[in-house]
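Visitor: Following the hints, complete the assembly by docking chains R and L onto the known chain V.
The primary structure of each chain is shown beneath.
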Amino acid sequence: MSSPSAAKSNPGNFFEDFRLGQQIRHATPRTVTVGDVAVYQGLFGPRFAVQSSDAFARAIGYAQAPLDDLLVFHVVFGKTVPDISLNAVANLGYADCRFLKPVYPGATLSALSDIIGLRENANRKTGIVYVRSRGFDQVGDCVLDYVRWVMVRKRDENAPAPPAQVPDLPKAVEPARLGGACPKIDAAAHDTVLSGSPHRFGDYQVGEKIDHADGVTVEEAEHMMATRLYQNTARVHFNQFTESKGRFGRRLVYGGHAISLARALSFNGLANAFHVTAINGGRHVAPLFAGCTVFAWSEVLEAADLPGRNDVGALRLRTIATKDRPCADFPLKLALGPAEGGTRGDGDDYDPAVILDLDYWVLMPR
Amino acid sequence: MSSPSAAKSNPGNFFEDFRLGQQIRHATPRTVTVGDVAVYQGLFGPRFAVQSSDAFARAIGYAQAPLDDLLVFHVVFGKTVPDISLNAVANLGYADCRFLKPVYPGATLSALSDIIGLRENANRKTGIVYVRSRGFDQVGDCVLDYVRWVMVRKRDENAPAPPAQVPDLPKAVEPARLGGACPKIDAAAHDTVLSGSPHRFGDYQVGEKIDHADGVTVEEAEHMMATRLYQNTARVHFNQFTESKGRFGRRLVYGGHAISLARALSFNGLANAFHVTAINGGRHVAPLFAGCTVFAWSEVLEAADLPGRNDVGALRLRTIATKDRPCADFPLKLALGPAEGGTRGDGDDYDPAVILDLDYWVLMPR
Amino acid sequence: MSSPSAAKSNPGNFFEDFRLGQQIRHATPRTVTVGDVAVYQGLFGPRFAVQSSDAFARAIGYAQAPLDDLLVFHVVFGKTVPDISLNAVANLGYADCRFLKPVYPGATLSALSDIIGLRENANRKTGIVYVRSRGFDQVGDCVLDYVRWVMVRKRDENAPAPPAQVPDLPKAVEPARLGGACPKIDAAAHDTVLSGSPHRFGDYQVGEKIDHADGVTVEEAEHMMATRLYQNTARVHFNQFTESKGRFGRRLVYGGHAISLARALSFNGLANAFHVTAINGGRHVAPLFAGCTVFAWSEVLEAADLPGRNDVGALRLRTIATKDRPCADFPLKLALGPAEGGTRGDGDDYDPAVILDLDYWVLMPR
Numbered sequence: 001m002s003s004p005s006a007a008k009s010n011p012g013n014f015f016e017d018f019r020l021g022q023q024i025r026h027a028t029p030r031t032v033t034v035g036d037v038a039v040y041q042g043l044f045g046p047r048f049a050v051q052s053s054d055a056f057a058r059a060i061g062y063a064q065a066p067l068d069d070l071l072v073f074h075v076v077f078g079k080t081v082p083d084i085s086l087n088a089v090a091n092l093g094y095a096d097c098r099f100l101k102p103v104y105p106g107a108t109l110s111a112l113s114d115i116i117g118l119r120e121n122a123n124r125k126t127g128i129v130y131v132r133s134r135g136f137d138q139v140g141d142c143v144l145d146y147v148r149w150v151m152v153r154k155r156d157e158n159a160p161a162p163p164a165q166v167p168d169l170p171k172a173v174e175p176a177r178l179g180g181a182c183p184k185i186d187a188a189a190h191d192t193v194l195s196g197s198p199h200r201f202g203d204y205q206v207g208e209k210i211d212h213a214d215g216v217t218v219e220e221a222e223h224m225m226a227t228r229l230y231q232n233t234a235r236v237h238f239n240q241f242t243e244s245k246g247r248f249g250r251r252l253v254y255g256g257h258a259i260s261l262a263r264a265l266s267f268n269g270l271a272n273a274f275h276v277t278a279i280n281g282g283r284h285v286a287p288l289f290a291g292c293t294v295f296a297w298s299e300v301l302e303a304a305d306l307p308g309r310n311d312v313g314a315l316r317l318r319t320i321a322t323k324d325r326p327c328a329d330f331p332l333k334l335a336l337g338p339a340e341g342g343t344r345g346d347g348d349d350y351d352p353a354v355i356l357d358l359d360y361w362v363l364m365p366r
Numbered sequence: 001m002s003s004p005s006a007a008k009s010n011p012g013n014f015f016e017d018f019r020l021g022q023q024i025r026h027a028t029p030r031t032v033t034v035g036d037v038a039v040y041q042g043l044f045g046p047r048f049a050v051q052s053s054d055a056f057a058r059a060i061g062y063a064q065a066p067l068d069d070l071l072v073f074h075v076v077f078g079k080t081v082p083d084i085s086l087n088a089v090a091n092l093g094y095a096d097c098r099f100l101k102p103v104y105p106g107a108t109l110s111a112l113s114d115i116i117g118l119r120e121n122a123n124r125k126t127g128i129v130y131v132r133s134r135g136f137d138q139v140g141d142c143v144l145d146y147v148r149w150v151m152v153r154k155r156d157e158n159a160p161a162p163p164a165q166v167p168d169l170p171k172a173v174e175p176a177r178l179g180g181a182c183p184k185i186d187a188a189a190h191d192t193v194l195s196g197s198p199h200r201f202g203d204y205q206v207g208e209k210i211d212h213a214d215g216v217t218v219e220e221a222e223h224m225m226a227t228r229l230y231q232n233t234a235r236v237h238f239n240q241f242t243e244s245k246g247r248f249g250r251r252l253v254y255g256g257h258a259i260s261l262a263r264a265l266s267f268n269g270l271a272n273a274f275h276v277t278a279i280n281g282g283r284h285v286a287p288l289f290a291g292c293t294v295f296a297w298s299e300v301l302e303a304a305d306l307p308g309r310n311d312v313g314a315l316r317l318r319t320i321a322t323k324d325r326p327c328a329d330f331p332l333k334l335a336l337g338p339a340e341g342g343t344r345g346d347g348d349d350y351d352p353a354v355i356l357d358l359d360y361w362v363l364m365p366r
Numbered sequence: 001m002s003s004p005s006a007a008k009s010n011p012g013n014f015f016e017d018f019r020l021g022q023q024i025r026h027a028t029p030r031t032v033t034v035g036d037v038a039v040y041q042g043l044f045g046p047r048f049a050v051q052s053s054d055a056f057a058r059a060i061g062y063a064q065a066p067l068d069d070l071l072v073f074h075v076v077f078g079k080t081v082p083d084i085s086l087n088a089v090a091n092l093g094y095a096d097c098r099f100l101k102p103v104y105p106g107a108t109l110s111a112l113s114d115i116i117g118l119r120e121n122a123n124r125k126t127g128i129v130y131v132r133s134r135g136f137d138q139v140g141d142c143v144l145d146y147v148r149w150v151m152v153r154k155r156d157e158n159a160p161a162p163p164a165q166v167p168d169l170p171k172a173v174e175p176a177r178l179g180g181a182c183p184k185i186d187a188a189a190h191d192t193v194l195s196g197s198p199h200r201f202g203d204y205q206v207g208e209k210i211d212h213a214d215g216v217t218v219e220e221a222e223h224m225m226a227t228r229l230y231q232n233t234a235r236v237h238f239n240q241f242t243e244s245k246g247r248f249g250r251r252l253v254y255g256g257h258a259i260s261l262a263r264a265l266s267f268n269g270l271a272n273a274f275h276v277t278a279i280n281g282g283r284h285v286a287p288l289f290a291g292c293t294v295f296a297w298s299e300v301l302e303a304a305d306l307p308g309r310n311d312v313g314a315l316r317l318r319t320i321a322t323k324d325r326p327c328a329d330f331p332l333k334l335a336l337g338p339a340e341g342g343t344r345g346d347g348d349d350y351d352p353a354v355i356l357d358l359d360y361w362v363l364m365p366r
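Residue numbers (the working numbering), protein chains in the order written: chain V, 1 to 366; chain R, 1 to 366; chain L, 1 to 366.
In short, the hints are calculated from the structure, not lab data. Among the clues, some could well be false.
One copy or two, either will do: identical chains are not told apart, so a pair holds if it fits within one copy or between any two.
With a Cα cut of at most 30 Å, we get these calculated DSS-like pairs of lysine-lysine [as the list claims (entries may be wrong)]:
#1 209 - 154
#2 171 - 333
#3 333 - 209
#4 125 - 171
#5 245 - 209
#6 101 - 184
Chain V extracted, bound-state conformation:
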């Protein structure tokens, strides 16, 4: 139907609507306030002292308590949804995500995306859109820069597809490119009693695994409140009437919700990982639904110095979140069968309880 009403409401873009090199300015700019901080606190319960306390943040060198990095991420991400992923089948991955400037309550965030890759799928029904999105504050500084790729439906299977173009993306952000959103801190002023753990950067070893121990059950009201807080309009999160007839029979929880839950759980074992400075990659391995209880564990993949900085070090973490499955034994992959000589967790397929596999860099005081 091409009625006037159809023309006025937003049908979203389909795969054939995107062009390589296209730039999209997104609605709606959003002033993020201490109100948003409190709602986020109520929904996830983070305990990192830098984001929780103005006094603590000032003592180490911030102007005041900055916004939780993931709140910034979700708000910027949310803006891209009506233009990029309203007709998405799946959010496939993230890469090269960097936090570039501290964001404080009162900042107004807006977002801009560039289409950097397109590849039609063999079935001609869908294609993959690679998009680099950037978030800006009210003075025009870029605060966040990341790439994601999504599988988007075609409006018309017969529509011609552009030549496939897949961007070359880094497996991980280089240490030299980390730390833009972290001012020079006074590591000695970082009170490890107040921050909740004596373990600083130097106390973690590569290969170390940490069970974050706690579990948190997700409610429908919670994930919808969070997702609306970000002005993320993806329909699968909100509409039980339609989803009851869909693939899962119920509303799907926004993938970013699992990231925020895992980050909040990770305080228990990583209390001084005060800043997520980059996300190297992430995969929503399985869908999350209300009623499930989320657990998480982390492995230290790398420990890196930041060139020119002796205040903080960077840990590259892999955090795995599960549903309805405690993580004391670090569930990840399924075992190969005995015929393959397998032992626990050495196969290619994820344990069915795993919902998130996230690779990211955090900063810790030295």
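Guide: Quick look at chains R and L alone, frame taken from chain V:
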């Protein structure tokens, strides 16, 4: 019982307690903050740029992002409940509701009501109370003025009733009386990419119908949080123990919740309708319950110039909200039967899915 | 297991880890803002004018609307959980709790605890820890001081126990020690129309009972949001996966949630009890679960002058909260059987509907 305790807790007013011309000052004054804005954002997810972004609001002529108009309405309305409608059977209608001054975070709102009409019902068990309520800010300016009428129980069926007096209420607010809460705006500075739609005032035609497309499921925790945020104490919204034995067997969602949901959904098709300037009338056609999914569509009833203003125009909208019923075919009334020569939607009775029929004026930039 | 990961995540303290005289500084400092006020408002719906309105608060002598006293309590309490009660079986009681300084939005709260008593239980599996906790603001002033005692598991039944030492605690806070968090107020400026009730301090009699009339149903999303808002990490509130196999088969609502619900309900009958100045004692008589509807009633136990102050008086209240049981007949204790010559409510055991028995002091304007 006339025990001291009964005397201390508020039994609410019954029909025979009201007098024509009576004026009631309501408790509790309420400072509305960016915190309330964030909770409202989480509960409804509005995306109108003016209320979302201080930077956007300033660019067009506001001092900063004003409060959502409906948040102001609900807070003022909430104050009137303990005095006006604690013993109400039904909230019957609204008229002549005008927003008179922009309200910014930090304002303290209070409310005052005048009883402007009374009419006992034939059954002598209830009567209708017509009340004009006004909301004031901390400097004493009136920010909101509206009439509603409610059916209120009598304490004693035999109590004498005052002579019936029904106020003369306008079918719609005159365009000359609109716009008090909207400063002169710079329509050219209203960036329609950031606001989410290229369609300005001149792009809408009278008679045009818009399906707002999306649906949102309501949770008990959500509507109770919203209604408590407004300090609205109507008992039917909160008490499952009592309501489980009542008419519906469950808690009833505050009617204003459906209005806020419909307004937020209406962004999809009316993104530049940045300000609700008046409500001409409204009817809660059927009750809403948690678990239902709300959809909405709108029809443009009128387009009006505002005398002396060339920055904005007013659209008179009729927005219909439904439960568990998408609105692509604009559900409203039931068809007459074939014996009456009927076609779809030409009868007097509402489609059973309709929950709200709201007639209001919005402003759009020219 | 003494793996590195176990060493990094917090197992909490067990009974044998505490020492008499031990002082514990708690993580995480927390800046409490108008955002937290709004979330708390949405979750509990308090209507006390002093905390609701900056204008009202200023008119009587506050700098602005102070934080709800119980929000301050819960935030300070929450900080103590990871160190004191992560391995608690039960929170047994409170005593000598005093609010010492008004706390305004923007304050940063931190907490410190002293172990003032220890007593192993006869079964040698658990012991009781008596702890005095204090909350401080960002300038180091003590804003809250209270004692609680909790039953904590032993890690090892065979671990030696310290000699039993039980502190001497007052049955109630002396009137001379009340009022520290209440500035001298202008009682004449306390507008009893705006505050919602004409009843001032002098209008209440000792022995008077007040049914707070309303009931409010608790949802899982609500109590978890509240408890996360306080950064309270007690596991039983959040983890349905684990609790489904536990004693109750479901998540337990934080005891403080019932206190906040009862306080909000108590507005209906105690609207001018604008400040909780002390808590003499409290008992969580029975667990509360989502889905239950909470009711409350209060009895005036004492009315006291505050030495040197003629602006306010103190009422000592006993507030009883119930689940799924209205309070018009003031349920409290079970009757003795007829063989004992009993009448209603004269036994020692609580009515099974009672969940909270709280003894506290409030201030009211004269």
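Visitor: All the hints need checking, so say for each whether the structure fits it.
Guide: Status of the hints after comparison with the structure:
no., hint, in the structure
1, 209 - 154, "between (42 Å within a copy, 27 Å between copies)"
2, 171 - 333, "within (20 Å within a copy, 58 Å between copies)"
3, 333 - 209, "within (15 Å within a copy, 52 Å between copies)"
4, 125 - 171, "within (29 Å within a copy, 51 Å between copies)"
5, 245 - 209, "between (41 Å within a copy, 27 Å between copies)"
6, 101 - 184, "within (12 Å within a copy, 35 Å between copies)"
The structure fails none of the hints (numbered hints given earlier).
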